[in-house]
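Asker: In case you want the letters, here they are:
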Amino acid sequence: MKHTLSGERPGSVLFCVYAHLSVFLTFTIRSNLRVKFESDYIQNEMLSKREGNQMKAGLYAVRGKQAWTLWVTLDLCTDLDWWSKRLEEAGGRFSAAEGVFQISSAMPLGWAVTLRDDFGHRPGAELDRWSDRDWLRYMEGVLGAELLAERTKVVIGGGQGVPMGIRSLGEAANLKWLWVRGRGFTASGAALLRGRDFPAAGPLEASRLADALAGRSLLEAELQQLLAERLPELGPAWRSALQHAHLQGRVQLTSGVARADARGGPARPLVRRAPELRCRRCGSGVHRRTPCGSCGCGGCAYCEACFALGRSRSCALLLRGSSAEVPPAAGGGTGCPTGSLLDRWGLSPAQREAAAAALRFLAQPPEPAAPAPTAASPEAGGPLRVAWSRIGIPILGRLLPRRAAPSGPTPGPPRFLLWAVTGAGKTEMIFPLLRYSLDRGGKVLVATPRRDVVLELGPRIAKAFPEVPTAVLYGGSPQRWAEAKLVLSTTHQLMRFYQAFDLVIIDEIDAFPYHNDPMLAYAAAQSCKPCGRFVFLSATPPARLEREVRSGSLPHAKVPARFHGHPLPLPVRIGMKPVDVCLRRGELPKALLAALETSMQRGAQIFVFVARIRHIEPVVALLRKHFSAVAVEGTSSQDKQRGDHVLEFRAAQTRILVTTTILERGVTIPKSDVYILDADSELFDEASLVQMAGRAGRSKDDPKGRVVFASPEWTRSQKGAVRQIREMNEMAYKHGFLKEDEEVV
Amino acid sequence: MKDTSCACKEMQRLTRLRNHRVWPVKECGKNAGVLSEQLNNWGRGEGRPGLVNEASSVSYAGINWSMAKEAVLSPLHNLLAPPGLPCLTCGKMISGSEKGYPEICSSCYASIPWIRNLKCAACGRPVGCPDCTREGVPARNFVLNRSAVAYNATMREWLAQYKFRGNEALGPVLARMAGFAAQRMLRELSEKNGGTSRFRFDAVTFVPVSEDRLMERGFNQARTLALEASAILGSPLLPLLERIRHTEKQSFKSRWQRLRDLQGIFCPADNAWDLLQPALYRSVAKTFPRSVFSWHDAMIAETSEARPVRLLLVDDVYTTGSTVDTCAGLLRELCEYWGRTAEVYCLTWARS
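Chains as they are written, first to last, in this note's numbering: chain A, 18 to 762; chain B, 170 to 521.
Same shape as in the complex, but just chain B:
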């Protein structure tokens, strides 16, 4: 009597487990005969020949309690848990995500080709760079370029999703990635400076898009990235440049076409200097004096007209560098016009 009631309970549990398609098995002598017999008759109530349950070779005598608990509780858990969000980039439900990137799943995060080791100190390329070492290349207008990621097929797809398809939810993700690169760039430049004081940009600016493109797209991707960088670097974001002429999409062009076509696309904004001027003197405030006198010197250095204007130029992708180079040249011209020298640093989200 006792035995059968026990079997019944076990059976009920097993029914539940079976419905959840979990089939825990643990060898155990108790009630083995009754249970295994019942179970083996299970899926073939009709007694159909040809349908042989392989489970007959295993004795279902006991229950793996940890699995059983999971089987009973997980539906409850699912019911009460907040609804899962699909990953922005792959569309699958997010089961685990990396810290700081809650919108994408961990496998998508793992596929990001972060640039960790630079091969080219000038253009920030992760592989050997023939462009920067090529003979007869005119001097660059910018000091250096740093990028967050290598521009591979996945990154191309992400950017296309954001830029061309208009999936603006990706904007913050890409901006955060660029922000990470900005932080690293800042650390690198501060170290190069001797590590005594924090390296500081006077202003952050970005590569503009044309009026038509802005109409069509509704946003400027470089500006989104620049906004995040400016927040991290603590420098104001200034729209110093404008785009005059609407060019064909860059992606369809050969290298030479690109280099040539960019002449005369950009110009400084009308009010560029008015925007920039307050920013130049603003930086005084950043280093609070340790002593009045040391600060005094620092201030002289900071406000001195001889000090170069440090600008950070942000764009989405660095391919040949022609776009950022043209813009950097313009920024330098702009500063020269007002009697200052400029150092332009570039930050791009991806380096191809």
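For reference, chain A alone in the conformation it holds in the complex:
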């Protein structure tokens, strides 16, 4: 190509031939040209990156008395200091180090974490003989998938192959001894300490940072926010403080996305599969790798499930602080502490009985079996598996199943279901539980999928527990980093906690978005301490829990009656054409209008539920035409003034509110009737029908609200909803929770 640059004056046939030749050459080169430019660009980028290395971590090995371990570090100097001082105080939590061996001063965090997790503890004698090449070979073996992702061209921007990233491990690794016992710092170790990048922090700062991080699971960006609010004086020394806390075992350093089965053990699966990547914050599988400017990798994986809370990546630092253990109950007695605790709250008999059952559940001593696995435990492959491989039959060890995924339902803290009908007064029932746990020094959490419920619950709980530090968490909450004993939160915020709570209460477990979202279930499971307790609250538990209740594997208590002691209103059926047909005809059926008229005369406010958002406007118009004297409004999830409309309805300014399932729960109107149009729609399942029916008759002044299912056919879910309501009423009657002899059926 340089030939044509000369710009000489052409004018001869010779030149034409020459030029033709160069054209041909250029043609062949052209296709590679962009790739060449690309790689130049990347190299520039990489070079400048090396100075910053924010998203990179150091990795070093420590030769202990018996075993070698790998450590990930953000500030190698702090670690070097720490290990060299361990010599004097050997016999502490860690055995003294024999030597510190640097593997890399800056490698992508994801790689460092993968190596560390794979390495575990290895016997010293064998590793002492390893040469640099052995180390590199080991690393190449472990990072096979990552290196492959670097080598293959990653597709971005519509099919252009772009070579990017780290070509070989040699680029990332630099192996050398930094410190050896007896000989002190090596030349490179001493040089490292002299050229300290970040200011050092003392043990005091470290413990303050560890306290602030206790029970949390944070990405680096979140850590920075926390530091800015809680520990602004720490400044750039946070790396050092964090590293101290990590070495003390109080904070785990890991990457946002890492291998699911990264905990090694000598046994490997029979068939080697590509390692499965998982987000360690939300538990979802991760499949997308993209070139990343932060760590310089060509294939940096990121989690697509939870990026709304900040992106969790292979190279994103994820910190998990371990929280202090709460000593077991001081009295030591396992007797049920019911009496005094329950009296204070003014519970109805039905509430009292269920709360007592829940308290008995809380007071049970923890089962000694099945200690919850921690990510740090080296023998997570199960003792049997390790035993097999120890005695030299690795094949048997391989045949044993690996540890179940953390999202698996079986292990984990014990659970309890409070199955309380709509309007039973669930919130009052959890007060004694909160009080019990708080009195024992525990941290408690009340989580619910819906933000408006959190906002409503906040003041009530603060009133009931004025002396307890409380935090209310939701997206954009000002109390995000506050220290609290009692936390009220949306279920999404649980992703920011790690083994923090002794009691986790999840309200409305069957509500969107918690229901059927494994990510939130994982987050909830992660937020509870291994020795903690789960209490679920629901009026309509999901099928899975209902099955567990029936089979007796899930302890539970049912609250079949409302707090005012009146039975739940039974739905009445009105036959009508589908709403679509009615709208086309431009009129609502007479039977329905007559029923609405009755409700109006009764002086009730009316919920009209429709299946489709597109039905709201025309139904509102029809109702306005018919009931011209009263205010009729409609609202849906797409309504910008939804909050205002609901408030107006609460304030009784609106008489009839047409809406969809978004208002099926959480709204309490003293005197209200419920009409469900197209009740046979598949959008209304049994649970949502029960919930919508539960909007009626909630007040003790008007316990007999009316519920109407209007539909062309009588479906299974409608039948099921009626059956469920009737069963609860019968049960309440049998237990004598109903005030007077009312007709129950």
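Be aware that a few hints might be false.
Within a straight-line C-alpha distance of at most 30 angstroms, the following computed BS3-like cross-link-like pairs (lysine-lysine) qualify [claimed, not checked]:
(1) A:LYS594 x B:LYS238
(2) A:LYS717 x A:LYS756
(3) A:LYS594 x B:LYS261
(4) A:LYS736 x B:LYS268
The hints are simulated quantities; they were obtained by calculation from the structure and are not laboratory data.
Keeping the supplied structure of chain A fixed, place chain B upon it in accordance with the hints.
Answerer: Coordinates of chain B only, in the frame set by chain A:
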């Protein structure tokens, strides 16, 4: 006997249909009595008063076979069909998608405000443009700007999803949209050229992000768009510019603040000319000679030092044009420094 067995079969079918909540009805005289009676007793086995089945007014005498087939087969179909993918932008399952955009559903595709009719030939705005006609505005450093879409609330949300939330799966979608605009721009410029030869850019470049931002975000959105454009235009993608200073996010600023703040943010990359130089002579290869002599002339024209360097500058959003204008100015300065004139064209994904 025959009648009842027939009724039984019909009944079984209707049971199945009922379970699938499809309730096909077709008027037909046969077996009407038996069936309608059975059906009307259906949902109220307990004989509860107050629950009146409205279906009693209709006679379920026959079956609409096309619907019946659907009712029986659709669960099977669902079982065997590949799992549906949720739409990248609205999250609902994709039932139908537009050609070329398989990641988003057709209703999201329909909401894209493509710029089809330009009102301002300079900045590519779909509505009347006071900025370009304002008195006393200094001359622009770029020739013209073209954008793929109008920057409305939906597009803002999409870009925020990609840029700030880091949903990189959206990158290819946005890049494809920008690529479409690049193609259209190329056609327009070729026509303006007289239509004899294809308009050609010597290089494609993009507005850089700062080091810190790249660290935080992991990618440069303008580069993703530029990569696609360079693939479509057949011109190399060159990082000619660098950003020196980390500014506040642009979205929080007033117009005047923006215009002022951009002074001294960008600079040409150290090796900009080294990157650009080969690209300038590369373009000779593009037109293969029809005859040796015509090509000869073309080549003289192409390699001549007097020919302006044509650069395409890519960015995500054009609001006041201050960012691209500054960058275009720098590119022109860069070329002037090496004794060449430059024509800078801008391609942005969205025009506000």
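Asker: Now look at each hint and say whether the structure bears it out.
Answerer: Hints, one by one, checked against the model:
1. Of the pairs offered as hints, the one joining LYS594 of chain A and LYS238 of chain B holds, with about 24 angstroms between alpha carbons and a cut-off of 30 angstroms not exceeded.
2. Among the hinted pairs, LYS717 of chain A with LYS756 of chain A is consistent with the structure: their alpha-carbon atoms are about 11 angstroms apart, no more than 30 angstroms.
3. Distance check on the hinted pair: LYS594 of chain A and LYS261 of chain B sit about 29 angstroms apart at the alpha-carbon level, within 30 angstroms; holds.
4. A C-alpha spacing of about 44 angstroms is found between LYS736 of chain A and LYS268 of chain B, which places the hinted pair above 30 angstroms, so the restraint is violated.
Figure legend: structure checked against the earlier numbered hints; the only hint not met is number 4.
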